[in-house]
Structure formats: C-alpha cells, structure tokens
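Student: As a plain string of letters, each chain reads:
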Amino acid sequence: DVKVTQSSRYLVKRTGEKVFLECVQDMDHENMFWYRQDPGLGLRLIYFSYDVKMKEKGDIPEGYSVSREKKERFSLILESASTNQTSMYLCASSLPVRVVGNQPQHFGDGTRLSIL
Amino acid sequence: LAKTTQPISMDSYEGQEVNITCSHNNIATNDYITWYQQFPSQGPRFIIQGYKTKVTNEVASLFIPADRKSSTLSLPRVSLSDTAVYYCLVGDEAAGNKLTFGGGTRVLVKP
Chain D
1 DVKVTQSSRY LVKRTGEKVF LECVQDMDHE NMFWYRQDPG LGLRLIYFSY
51 DVKMKEKGDI PEGYSVSREK KERFSLILES ASTNQTSMYL CASSLPVRVV
101 GNQPQHFGDG TRLSIL
Chain C
1 LAKTTQPISM DSYEGQEVNI TCSHNNIATN DYITWYQQFP SQGPRFIIQG
51 YKTKVTNEVA SLFIPADRKS STLSLPRVSL SDTAVYYCLV GDEAAGNKLT
101 FGGGTRVLVK P
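As they're listed, the protein sequences go chains D and C. Counting along the first sequence from 1, when you hit position 13 you're at 13 in this note's numbering, and nothing is skipped either side. Counting along the second sequence from 1, when you hit position 33 you're at 33 in this note's numbering, and nothing is skipped either side.
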C-alpha cells in the first residue's frame, strides 16, 4: 500500500515566519503535489512536481515555494507566513501520466496549519 | 477544462443505495471521470474511474451515459462508515490537464 507521510498533523506558527511542510512517499512515485483545503473551496493545487528538481505552479502558488531534492520528498515552503495561509495542507503522489486515463493520486492525512 | 457540478450534500440511511450525479457539460473527447472519497481528518482516496458506460469495482459503480455530459457514482447498501465527502473530477492528464477538485458532495448516512 502506498504511504504518503506528512511530517506534522498540527502546526502553529507566527506571522512572518518561514514555514516548512514536509512530505515523504514510499512508492517511488514520480509525481508529487501540494494542495490546500479550505471550507467551501474544496482542494486547490498549489504546486506539483513530476521529477526531482522539477516543479510547476498550480492554481494558487503565490506566497509559496517548493523543493524536491530527492524523489521521495516534496517540501512546501511558506516564505513569510500570513494569517490567510491558515489552512489544511495535503500532499499527494502518483505514478507518471498514463497514455489513457488518469493516475490515482495517493494522499497524506494533511497538516492543519495555523498562522497567528 | 471541464467544470463539474455536483450536489452540496445528501442524506441517506444505512442499507440504502446512494447515487451521486455529477454534471460535466463541456467534457472533452479524451477526458476521464474520476471519483474520490474523503473522510474527516484524512486525505482523499481514489474510488473509481471511467470513460463510458459502466464501471464497477468492490467499492462502487460508475454509470456514464452515451453523451458523457454527466456521471453517477453509485454506492450500494451504504453503512455509517460511508459518511464522507465525494469528489467528481473530469480531465485528461495525458493532455496536460491537471484534475481539479471542486467542493464535493457531503454524504451523511444515518442509522
């Protein structure tokens, strides 16, 4: 079974801090994703990566950056945390794109981040 | 990218069949329809995917009419543990389209 592990379930940080959220997957997946989930807005894609050192912006990349130095690890960085970044953050991984059909994404259980 | 519309919530009772319909009027020829389930305090979990007609697995069935402008996720004989949010996604990753999660349908199964 695929396991996607996020380093913290709950995190409290202060405005202006640099925040690191870590995600590790154990299935050698090429693709990794970071989402945030807010009530009424569903899941929104922040960044994704389809290979080591590769990254692409999702729908809401402003205020965030990512790092993928190793295949199994994908980090989300809040450069200078703000209160509007209080949210649930979800990491996912998947195999490369299929010729037909879409690859299932495997999610971690999320990090609930509060910025005070 | 195809936009999806699904009911915000629905209630059911244990043992009943639950059907959730998702509308996707501008689905493209190569788009697939994918459903995820999310329990409270957990990440979403892939349930089922289909292109046309009917797909069935151990968890659910997916019915897709010939025009593919909608699809229906069917959960047979639900139990309390099926209480969750269900998301319908439409897209084609092979064409470079990232699948987008909408608001989902919150299903409450009552005793």
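Since the hints were made in silico from the structure, they are not lab data. Treat the hints with care, since some could be wrong.
A few chain D positions that, by computed beta-carbon distances, are all more than 10 Å from chain C [to be verified]: (1) K53; (2) D59; (3) L78; (4) Q103.
In silico lysine-lysine, DSS-like type, Cα no more than 30 Å apart, as pairs [unchecked claim]: (5) C:K98 x D:K71; (6) C:K98 x D:K18; (7) D:K70 x C:K110; (8) D:K3 x D:K53.
Where a beta carbon is used, it is the ideal one built from N, C-alpha and C, also for glycine.
Student: Quick one: work out the minimum CB distance from Q103 of chain D to chain C and report holds if it exceeds 10 Å, violated otherwise.
Tutor: With a cut-off of 10 Å, Q103 of chain D comes too close to chain C, as the shortest Cβ separation is near 7 Å.
Student: Take the C-alpha atoms of K70 of chain D and K110 of chain C, compute the straight-line distance between them, and say whether it is at most 30 Å.
Tutor: violated (45 Å)
Student: Please verify that the nearest CB of chain C lies beyond 10 Å from K53 of chain D's CB.
Tutor: holds (20 Å)
Student: For D59 of chain D, is the shortest CB-to-CB distance to chain C above 10 Å, so the non-interface label stands?
Tutor: For D59 of chain D, whose nearest Cβ neighbour in chain C is about 8 Å away, the distance does not exceed 10 Å, so it is violated.
Student: With a cut-off of 30 Å on the C-alpha distance, tell me whether K3 of chain D and K53 of chain D pass.
Tutor: Cα-Cα ~21 Å, so holds.
Student: Holds or violated: K98 of chain C and K71 of chain D, Cα atoms, limit 30 Å.
Tutor: Holds: K98 of chain C and K71 of chain D sit about 20 Å apart, inside 30 Å.
Student: For the pair we were handed, K98 of chain C and K18 of chain D, check the Cα-Cα distance against 30 Å.
Tutor: The given pair, whose Cα atoms are some 28 Å apart, holds under the 30 Å limit.
Student: At 10 Å, judged by beta carbons, does L78 of chain D keep clear of chain C as stated?
Tutor: Answer for L78 of chain D: holds, closest chain C Cβ roughly 20 Å.
Going down the numbered hints, you'll see the structure goes against 2, 4 and 7, while the others check out.
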